[in-house]
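Enquirer: Chains as they are written, first to last, in the numbering used here: chain S, 1 to 186; chain W, 1 to 610.
Hints are computed from structural coordinates only; laboratory data are not their basis. Be aware that one or more of the hints could be misleading.
[As the list claims (entries may be wrong)] Part of the chain S face toward chain W, derived, beta carbon under 8 Å: (1) S23; (2) I24; (3) S110; (4) G111; (5) F114; (6) S121.
[Said to hold, decoys possible] Far from chain W, by Cβ distances over 10 Å, these chain S residues were calculated: (7) N13; (8) F15; (9) M26; (10) I46; (11) N48; (12) V129; (13) L151; (14) L176; (15) Y177; (16) Y185.
C-beta atoms are modelled at their ideal positions from N, C-alpha and C, and glycine is treated no differently.
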Amino acid sequence: MKSNVKILRMNPNIFITWIFIISISMIFVSLISAYIVKKGEPGGLIINLPNMFIYSTIVVVLSSLFKQIAYFSAKKDDLNKLNYFLFASILSGVSFLILQYFSWGELVNSGVFFVGHPDGSFIYVITGVHAFHLISGLIFIAIVLFKSSKLEVHSKNLNLIEMSTTYWHFLTGLWLYLYVTLYLYN
Amino acid sequence: METKLKTTTKVNVDHEEHHEEHHELGFIRKYIFSEDHKIIAKQFLITGIFWAVVGGLFSSLFRIQLGFPDLDLSALSPIIGNWLTPQGKIDAEVYLALITMHGTIMVFFVLTAGLSGTFSNFLIPLQVGARDMASGFLNMLSYWFFFLSSIVMFISIFVEGGPASGGWTIYPPLSALPQAVSGSGLGMTFWLISMAFFIVSALLGALNYITTVINLRTEGMTFFRMPLTIWAFFVTAILGVLSFPVLLSAALLLIMDRSFGTSFYLSDIYIAGEALANEGGSAILFQHLFWFLGHPEVYIVILPALGIASEVIATCSRKPIFGYKFMVYSILAIGGLSFVVWAHHMFISGMNPFLGSVFTVLTLIIAVPSAIKAFNYIATLWRGNIIFTPAMLFSIGLVSTFISGGVTGIFLGNSALDINLHDTYFVVAHFHIVMGVSAFFGLFAGVYHWFPKMFGRMMNNGLGYIHFWLTFIGSYLVFFPLHYIGMAGFPRRYYSFSTFQAGNIESFVDLNVFVSYAALITFAAQFILLFNFFYSMFRGKKASENPWRSNTLEWTTPVNPGHGNWVGPIPKVERWAYDYSKTGSKEDFIPQNIPYSKTPESNLPDDDQH
């Protein structure tokens with residue numbers, strides 16, 4: 001008889017991170033679906049996506065890479081490298097935000113405005129909401145960096161950095177998804 | 001993975017040590033900024049009760065307008081002075097604001113936060129055998145975001161121009177343009193801010209519920225040994241995580257349209273002969289986004305109530321719940337289907353009729369799992385040793401209203417019939433019975449049933465019976481006639497029907513008067529519950545540990561469980577939750593923590609299936 005059934009356990013906070021990611025995805029899925037339907041209607045705008053998006057994509061992928069290296073360093077207790085790479089991922093994250101800001105400028109120059117036809121407004125809202133979440137990810141990494149500077153992140157205490165790495169990769173993946181969809185349905 | 005396992009065990013050990021040295025928290029940490037799921041549950045309950053009274057008051061006011069349009073309310077002017085016209089009647093725009101706020105308050109603040117917030121919080125850790133929620137801190141945040149959202153919504157009632165008044169569905173362009181109606185000004189802004197906080201609160205709550213159910217079950221508590229309450233709360237939380245973010249996007253785009261001049265929902269609009277600049281948007285987009293939340297939302301409202309009813313009906317029939325696994329699969333099926341039927345709210349929005357027929361079929365399929373649940377409740381009651389506690393009466397009442405409200409759903413889910421019935425009182429009757437009254441009955445059943453665990457005292461049964469019969473008969477008298485009013489073609493949300501003559505409209509005026517009397521009496525009857533609730537909290541009979549002789553784990557805790565719930569180690573679960581009246585057993589119930597080795601007289605060959 002199954003009297004001593006073991007229950008599968010995962011660290012609850014890591015699990016919460018994953019559900020949190022699912023719920024954020026729903027925001028973007030709904031916005032992207034709305035955008036796709038909108039683009040399917042006749043009489044929309046023809047938009048040249050900013051070239052800056054290519055650079056910001058490269059930067060955000062690099063940032064994810066740095067974050068992963070930071071995670072591996074924490075696992076190997078290489079605490080100097082950990083701090084360097086956490087800092088590098090913050091730096092590249094901030095550069096991504098700056099590049100996104102420039103790409104908005106590029107959109108404005110090409111005559112696509114936030115206030116105007118919804119086809120254009122959607123691009124601002126989708127990238128804007130993504131940037132907002134990226135800021136929350138940056139704050140999260142900053143907290144990890146603060147903790148690791150107090151030597152609280154190491155191979156015996158990986159939960160926090162694992163959560164922030166998962167979240168950061170998610171935000172990178174999300175950007176790739178958004179970029180590809182915006183590109184394909186343009 | 002191994003390190004993770006170790007960390008968890010360590011945390012648990014710490015917790016137990018912490019529990020043994022037990023120190024008293026200060027008043028603020030214990031009752032206000034508490035991280036204890038039981039206190040947070042009570043906070044949700046009390047706030048929910050407050051909102052229920054406000055929502056009920058609003059409905060009384062607009063029922064007065066509908067039933068007695070010529071009544072002079074000047075006597076009320078000290079309280080609701082600026083809501084009245086000089087003739088002492090409720091102002092037409094105030095009327096719209098009242099129905100909007102009634103819907104918003106009841107759907108979100110009472111039946112989502114008040115119901116899920118209370119019982120998911122209270123029962124999940126207790127019934128799965130956990131010391132507390134996965135994250136007490138997030139749980140506390142969840143309540144305080146709800147509190148913040150409540151404050152903003154409450155303030156919105158008093159702002160310039162009045163609260164939001166575009167209906168609880170806040171369809172643009174009505175809600176997007178302040179010129180449209182005075183409630184679409186500041187009141188609507190407050191509504192959106194409040195709902196943004198509310199969504200954050202609902203998400204934080206749902207994160208915790210899911211994580212706790214999956215990760216913090218006690219040893220032996222497999223998924224198919226979980227009580228149906230937990231299954232219901234679990235699926236409800238999943239629905240919340242998937243649907244509330246979509247409402248957030250809808251609200252976000254609406255905020256952009258209102259405050260920054262974008263045109264997501266606006267196009268080709270003329271106001272007073274002048275064209276607005278907005279172009280290219282689509283009001284239908286909002287309806288899609290809104291109902292993608294809105295339809296799962298009605299299951300977020302009803303599933304916890306059904307879960308509570310399952311538990312109460314099995315306990316008070318002294319019988320195992322009939323078809324446990326089918327109940328679970330039905331909950332899952334309802335949850336899954338709830339995401340693919342949203343467009344049945346939009347049949348007359350100009351949708352392609354073929355698409356309409358697809359959504360009709362999907363909608364009608366929901367009747368299958370719903371009917372399975374209804375049949376299983378009846379089969380559980382069948383030849384049971386029924387004990388009519390107030391909780392049991394309300395659960396049976398729920399089965400009744402769930403069926404009679406569900407049947408009209410079959411009519412409304414049909415895209416051809418919906419052309420006639422859309423936005424009439426028939427719809428109002430349907431959803432009030434199937435999700436309003438039923439969910440309230442679940443809430444009442446939960447309060448009566450778990451009151452002893454919440455406050456260590458019993459509620460007064462006599463008052464409970466009076467409350468039940470007045471509410472049960474009253475609700476039917478309120479909502480059943482509305483079907484006829486709806487079939488006669490009365491549109492919902494109209495301020496007045498007495499000022500225009502069409503067909504035999506006058507013969508329905510009497511019916512409206514009748515409904516209004518019934519509504520006022522039913523609302524008044526709720527104060528019996530309020531009195532019973534607060535009186536019993538302090539003066540009720542002391543409860544025993546397991547007053548209903550129930551099987552689930554919460555009844556193995558002390559009468560007044562402290563933070564951490566169990567004094568010793570957490571009990572192990574040895575069997576499912578429904579071993580009532582098992583043949584051969586001396587008692588008619590065997591709690592979940594009693595191993596099979598202690599009950600050789602009643603074991604069955606297939607017991608290990610549970």
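Enquirer: Are the hints correct? Go through all of them and say.
Expert: We went through each hint and held it up to the structure:
Given the 8 Å rule on beta carbons, the hint for S/S23 holds: about 5 Å separates it from the nearest Cβ of chain W. For the restraint placing S/I24 at the interface with chain W, the shortest Cβ-Cβ distance is roughly 7 Å, inside the 8 Å limit, so the hint holds. Against a cut-off of 8 Å between C-beta atoms, the interface hint on S/S110 is violated, since the closest Cβ of chain W lies about 17 Å away. Checking S/G111 against chain W: minimum C-beta separation of about 15 Å lies over 8 Å; hint violated.
Nearest Cβ of chain W to the Cβ of S/F114: about 7 Å, under the 8 Å cut. The hint holds. Taken as an interface hint, S/S121 checks out: its beta carbon lies about 4 Å from the nearest beta carbon of chain W, inside 8 Å. Not every C-beta of chain W lies more than 10 Å from that of S/N13, the closest at about 7 Å, which undercuts listing it as non-interface. Residue-level check failed: S/F15 sits 5 Å from the nearest beta carbon of chain W, not beyond 10 Å.
Non-interface call for S/M26 relative to chain W: violated, since the shortest CB-CB distance, roughly 4 Å, does not exceed 10 Å. At the 10 Å boundary, the C-beta of S/I46 stays outside the reach of chain W, the nearest C-beta of that chain being 13 Å off. The claim that S/N48 is not at the interface with chain W holds, since no C-beta of that chain comes within 10 Å of its own (minimum 18 Å). The Cβ of S/V129 sits about 7 Å from the closest Cβ of chain W, inside the 10 Å cut-off, so the non-interface label is violated.
Against the 10 Å criterion, S/L151 stays outside the reach of chain W, whose nearest CB is about 18 Å from its own CB. Even its closest Cβ contact with chain W, about 20 Å, leaves S/L176 beyond 10 Å, as expected for a residue assigned away from the interface. No Cβ of chain W approaches the Cβ of S/Y177 within 10 Å, the least distance being about 16 Å, so the stated non-interface status holds. Remark: the non-interface label on S/Y185 is consistent with the geometry, its nearest Cβ contact in chain W lying 15 Å away (cut-off 10 Å).
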